[in-house]
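**Student:** One letter stands for each residue in the lines below.
Protein chains: 2
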Amino acid sequence: MTTNINEIVGVINKHDSFLIASHINPDGDAVGSQFALKSLLEHKKKKVVIVNAEPVPFTYSFLGKWICPGELKSKPNFEVAIILDSADLKRLGKTVPPLLSDKILINIDHHVSNGRFGRINWIDSEASATGEMIYHLYKKMDCKISKDGALALYVAILTDTGLFRYTNTDSTTHDIASELLKIGIEPQWVAERIYGINSLASMKLLALALSTIKVSDDGRIGWLYVRSDMLKKTGASFQDTKDFVNYVRSIRGLEVAIFFSETETKDEIKLSLRSKGKTDVNAIARNFQGGGHPQASGCRIKGKLDEVIPMVIAGVQKVLR
Amino acid sequence: MTTNINEIVGVINKHDSFLIASHINPDGDAVGSQFALKSLLEHKKKKVVIVNAEPVPFTYSFLGKWICPGELKSKPNFEVAIILDSADLKRLGKTVPPLLSDKILINIDHHVSNGRFGRINWIDSEASATGEMIYHLYKKMDCKISKDGALALYVAILTDTGLFRYTNTDSTTHDIASELLKIGIEPQWVAERIYGINSLASMKLLALALSTIKVSDDGRIGWLYVRSDMLKKTGASFQDTKDFVNYVRSIRGLEVAIFFSETETKDEIKLSLRSKGKTDVNAIARNFQGGGHPQASGCRIKGKLDEVIPMVIAGVQKVLR
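If you read the protein sequences in the order shown, they are chains A and B.
Using the working numbering, the first residue of the first sequence is number 4, and each one after it goes up by one.
Using the working numbering, the first residue of the second sequence is number 4, and each one after it goes up by one.
Think of the hints as simulated: they come from the structure by calculation, not from any bench.
Careful: at least some of the hints might be erroneous.
Copies of the same chain look alike in the list, so a pair counts if it fits in one copy or across any two.
[Stated by the list, open to error] For lysine-lysine, the following DSS-like pairs were computed, each having C-alpha atoms within a straight-line distance of at most 30 angstroms: (1) LYS245 <-> LYS269; (2) LYS47 <-> LYS17; (3) LYS207 <-> LYS273; (4) LYS185 <-> LYS50; (5) LYS47 <-> LYS143; (6) LYS207 <-> LYS321; (7) LYS106 <-> LYS48.
Full structure from sequences and hints, please.
**Tutor:** Following this line, the structure appears as structure tokens:
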């Protein structure tokens with residue numbers, strides 16, 4: 004770890020212009036770590052642009068804006084690309100990787116499955132969030148954390164630790180949070196922006212989704228689903244379903260929780276998988292070209308809801324045996 | 004504050020036997036702060052008994068057991084009663100206060116509304132939880148925190164700060180959490196026990212409750228309700244509804260969120276009120292002999308659901324104007 008962070012500091016000091024990118028379906032760590040790194044580089048008087056395949060999700064729009072490839076008039080001019088929180092380049096979507104050819108690639112990530120696609124790869128699977136790694140980069144580069152930078156770091160860590168509750172949370176996580184609060188972060192203000200902005204429509208959708216919950220006879224697998232007609236009926240959006248899997252997950256005694264949803268792509272079902280125990284749901288998702296963490300993963304499967312659900316449940320039952 | 008904590012240390016050092024008690028409907032802070040204080044006193048070789056009107060709620064039963072007055076064969080023998088997290092003695096229920104007559108009463112609480120009913124009153128409304136005050140007592144008494152003590156302190160702080168997100172969270176809260184994690188607390192293990200033990204029945208009840216959500220025309224007040232027949236239909240219990248108000252609370256733009264539920268007492272409706280803004284819902288609850296914090300309060304109102312809801316909404320609308 005130490006070697007690579009030093010190499011990264013060296014490259015940053017040596018060059019003047021940077022592009023930052025991260026994965027599609029950006030979560031709080033993807034968004035927060037990018038804005039935090041942008042603050043750090045700008046503090047060091049560097050030219051920085053953040054480019055991502057998709058715009059900043061509404062939930063995190065209070066952190067700022069970035070550029071999507073479609074908005075670029077010409078290929079951006081920069082020396083070094085820093086890719087954050089992404090296990091491979093495919094995770095950046097289709098429009099970003101073509102911008103990176105012939106550039107120095109730095110890969111900073113905390114996913115254990117990272118494919119080391121960069122010229123420099125700093126992978127720390129012990130870090131609670133990629134944002135935590137950016138925090139250490141601030142310290143290594145002896146850079147004062149601005150209030151904007153602190154907010155971005157806090158969002159990254161807060162969301163990737165599930166409010167300081169997942170196994171990736173340790174005393175260092177709390178030490179960093181303590182420092183960020185001293186810089187002026189107001190936890191309730193941030194949490195309201197991320198977790199307190201549900202729509203009435205999304206609550207109505209949640210009511211419908213929760214009424215579909217089923218638990219296997221042995222009590223080890225639980226699941227729920229959302230059909231497209233539920234979205235239509237309630238006026239909610241697919242984005243509103245992102246935490247639904249956690250409701251099944253919260254059921255006592257379960258080992259695996261799954262959320263199934265119909266997608267815009269006809270005959271393709273999206274799955275979110277969660278493990279409460281030792282089952283590696285990343286391995287299950289990888290069977291279907293998906294991925295993630297051992298305790299939280301996702302994938303897409305061709306088929307209709309009433310075919311995919313029994314097929315997946317039977318498959319997971321085999322794994323549990 | 005310093006004077007009173009010193010007085011408390013003096014009384015603890017001088018006496019040998021203690022009774023600890025806290026409020027009815029015990030929450031994580033009530034339970035956690037009592038077990039943490041018990042650990043501390045036992046470490047100091049004191050005789051300690053925890054007595055409360057109601058048994059430890061199932062959610063917190065992993066912390067231990069205490070005694071209910073009905074289980075006592077005779078009046079317990081002790082010199083000093085320490086009352087935690089309770090704004091007044093009425094909050095202890097009917098069966099505990101008679102045990103306390105003629106004893107030295109120490110009152111430790113972080114509620115701003117505390118009535119200072121003790122011989123010694125240590126009230127710190129800046130503390131995130133009464134558990135945080137017990138942590139400071141450990142430090143003041145130079146007492147090593149055992150793993151059991153750390154777990155109880157962590158539960159108190161975690162639950163009263165809503166996973167480190169409410170306005171009462173500051174850098175000290177995170178510093179304490181960091182120290183407790185070093186003692187061996189596993190955040191996910193604890194969070195699973197408190198937040199990950201829902202029943203399938205409670206999820207079905209949540210589905211029904213969420214389908215009752217209404218928002219006032221001006222978008223400032225939101226509410227939902229649970230009728231007794233919903234409990235019957237799903238097999239869930241009243242205890243399962245304790246977080247329901249937070250689902251309405253999470254709706255964007257709301258200022259006041261209210262959960263109404265029918266109770267075992269016929270013709271009495273229980274209310275949980277939450278404020279997302281500057282509205283003091285404690286003042287609203289006090290109109291009906293209830294209470295709590297400015298951002299979270301509760302009360303009971305005589306009447307039927309279809310009478311109480313419009314009456315309360317009209318009243319809150321007046322307050323908001």
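**Student:** None of the hints should be skipped; say for each whether it holds.
**Tutor:** Here is how each hint holds up against the structure:
no. : hint              : result
1   : LYS245 <-> LYS269 : within (20 angstroms within a copy, 40 angstroms between copies)
2   : LYS47 <-> LYS17   : within (11 angstroms within a copy, 60 angstroms between copies)
3   : LYS207 <-> LYS273 : both (21 angstroms within a copy, 23 angstroms between copies)
4   : LYS185 <-> LYS50  : within (28 angstroms within a copy, 40 angstroms between copies)
5   : LYS47 <-> LYS143  : within (13 angstroms within a copy, 44 angstroms between copies)
6   : LYS207 <-> LYS321 : between (35 angstroms within a copy, 28 angstroms between copies)
7   : LYS106 <-> LYS48  : within (20 angstroms within a copy, 67 angstroms between copies)
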